[in-house]
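Protein chains in written order, with the numbering used here: chain A, 2 to 251; chain B, 2 to 251.
You may find that some hints are simply not true.
Same chains, same names: a pair is fine if it fits in one copy or spans any two.
As the list claims (entries may be wrong) - Here are the simulated lysine-lysine pairs, DSS-like style, with alpha carbons at most 30 Å apart:
(1) LYS78 / LYS36
(2) LYS228 / LYS118
(3) LYS228 / LYS78
Hints in this document: simulated from the structure, not taken from any laboratory.
Protein chains: 2
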Amino acid sequence: MTSDLTPVRPVHLDRSSPVPLYYQVATRLQELIEKGEIGVGARIENEVDLAERLGVSRPTTRRAIQYLVERGMLVRKRGVGTQVVHPKVRRPVELSSLYDDLVAGDRAPRTEVLDLKVIPASDAIATSLSLTPGTEVTWIERLRYAGGEPLALMHNAIPVDVLTVTEADLAAHGLYELLRRAGHVPRIATQVIGARSASAPEARILAEKRGASLLTMTRTAWDAAGKALEYGSHLYRASRYSFELNLSAG
Amino acid sequence: MTSDLTPVRPVHLDRSSPVPLYYQVATRLQELIEKGEIGVGARIENEVDLAERLGVSRPTTRRAIQYLVERGMLVRKRGVGTQVVHPKVRRPVELSSLYDDLVAGDRAPRTEVLDLKVIPASDAIATSLSLTPGTEVTWIERLRYAGGEPLALMHNAIPVDVLTVTEADLAAHGLYELLRRAGHVPRIATQVIGARSASAPEARILAEKRGASLLTMTRTAWDAAGKALEYGSHLYRASRYSFELNLSAG
DNA sequence: GTCAATACTTTGTCATGACAAACTGACTTG
DNA sequence: CAAGTCAGTTTGTCATGACAAAGTATTGAC
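Full structure from sequences and hints, please.
Encoded structure:
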């Protein structure tokens with residue numbers, strides 16, 4: 002009866018696939034929205050009809066829609082319907098590493114390992130990682146290039162029982178990729194982002210003038226079981242880098 | 002049979018309340034976890050038993066638990082159970098204003114309104130707010146103090162149909178509080194955080210030396226319906242302020 | 001004793017059915 | 001004509017039932 006109601010046409014759901022039905026539906030909807038086949042502001046079919054046409058139950062349809070609502074792509078109003086709002090915003094905040102970001106952005110990352118050793122954790126690091134002071138951690142110092150220019154000076158401490166790495170590993174992969182490969186998936190992190198002026202040696206390494214503004218970021222990451230995986234203290238050239246965040250609030 | 006299984010004892014659910022049952026259950030669980038009555042690492046009762054004891058259905062119990070999982074307080078593993086992980090981390094990222102943060106932190110905020118006028122939106126601002134260039138916006142320039150010292154120089158542009166404010170309003174309240182009071186609830190925002198050196202006038206206003214490092218933050222915020230509410234471009238004294246973020250990833 | 005197969009526990013997914021609450025729009029009434 | 005009422009639409013909440021998948025513990029064979 003309403004005219005701006007956009008029916009979601011061809012759907013191929015694979016019931017034998019290990020991918021959950023609700024996720025298949027959500028993915029399909031997301032594609033349609035991103036391709037613009039369902040324009041911003043348009044209402045989508047109501048749950049009940051959509052479920053019937055797709056041949057799935059209403060809870061399954063609801064779950065798919067809910068998934069996209071949480072990502073900020075859809076908005077629902079009781080008695081009104083479900084509308085497309087924001088095709089771009091996907092996830093609230095990415096828990097990814099600089100390396101992944103650069104690869105995704107075609108910025109030709111390169112990593113130079115300046116230092117790699119096992120040391121007893123200092124009090125500050127032990128506190129950040131919830132370890133007893135003196136526990137052995139791997140200390141990593143890296144210089145990250147993008148497009149041939151230095152971009153960031155990165156320091157990390159990782160408990161030895163979490164990960165053992167070689168220089169070659171670090172040169173070829175991002176730290177988070179190595180963590181994930183070792184079976185440690187970061188799930189929760191606390192970050193502090195600040196700024197300060199570069200000291201003389203920092204400026205030299207990063208090819209900046211002394212006193213240039215640097216972005217600082219310290220982060221501690223935990224896995225799903227609450228085990229601390231990584232402490233990082235990084236310096237970025239503010240002239241070349243900034244943090245982008247997408248927030249969404251319930 | 003397992004020993005670290007913590008039964009959730011006294012529960013009073015109000016079925017006549019307008020507050021959903023799943024939310025009542027979630028709130029109750031959250032209290033127990035925050036009070037430490039269910040310690041970190043402890044397993045909670047399995048869904049089926051918990052549901053039966055509470056006198057609610059399994060989906061309702063699941064939804065309550067899911068709610069806490071998304072907030073990073075619980076972790077579930079199929080075949081294993083549900084564990085408490087991180088009582089502190091609550092919400093992934095807060096969509097709040099600096100003023101709210103300062104009030105919450107007892108830092109005695111004060112706001113000085115430097116400029117307040119209605120102007121046609123520049124191209125850049127119009128783009129950020131998804132307006133047609135030339136649409137009238139309220140332009141606000143504020144200096145925020147904390148503990149008697151200048152902390153941030155804030156510039157905002159707000160579509161005139163969203164909010165009309167007086168100097169007195171701005172001096173006494175945070176911008177987000179005023180927005181919410183006017184019925185505009187920010188739900189989605191994109192932020193860019195960077196750094197640069199202070200120009201001479203900026204340094205003078207913020208009581209810093211020329212060339213001092215400043216944190217920059219630009220943000221655009223939208224409401225649930227996708228209407229742009231606010232564009233902000235802010236400067237923070239890096240020596241006094243940093244951004245804290247809690248991330249969680251699925 | 002060690003390793004593999006089996007049983008058990010627990011969460012994950014999905015269906016069906018029902019009623020409540022919020023919003024819209026048309027209709028009725030003063 | 002204006003305002004309130006009422007029906008229709010759509011999402012929100014909740015229950016019950018069933019099976020699948022993953023992880024753990026036990027058992028049995030060699």
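These are the hints, each one checked on the structure:
| no. | hint | verdict |
| --- | --- | --- |
| 1 | LYS78 / LYS36 | within (24 Å within a copy, 35 Å between copies) |
| 2 | LYS228 / LYS118 | within (22 Å within a copy, 52 Å between copies) |
| 3 | LYS228 / LYS78 | between (39 Å within a copy, 15 Å between copies) |
The earlier numbered hints are all upheld by this structure, with none contradicted.
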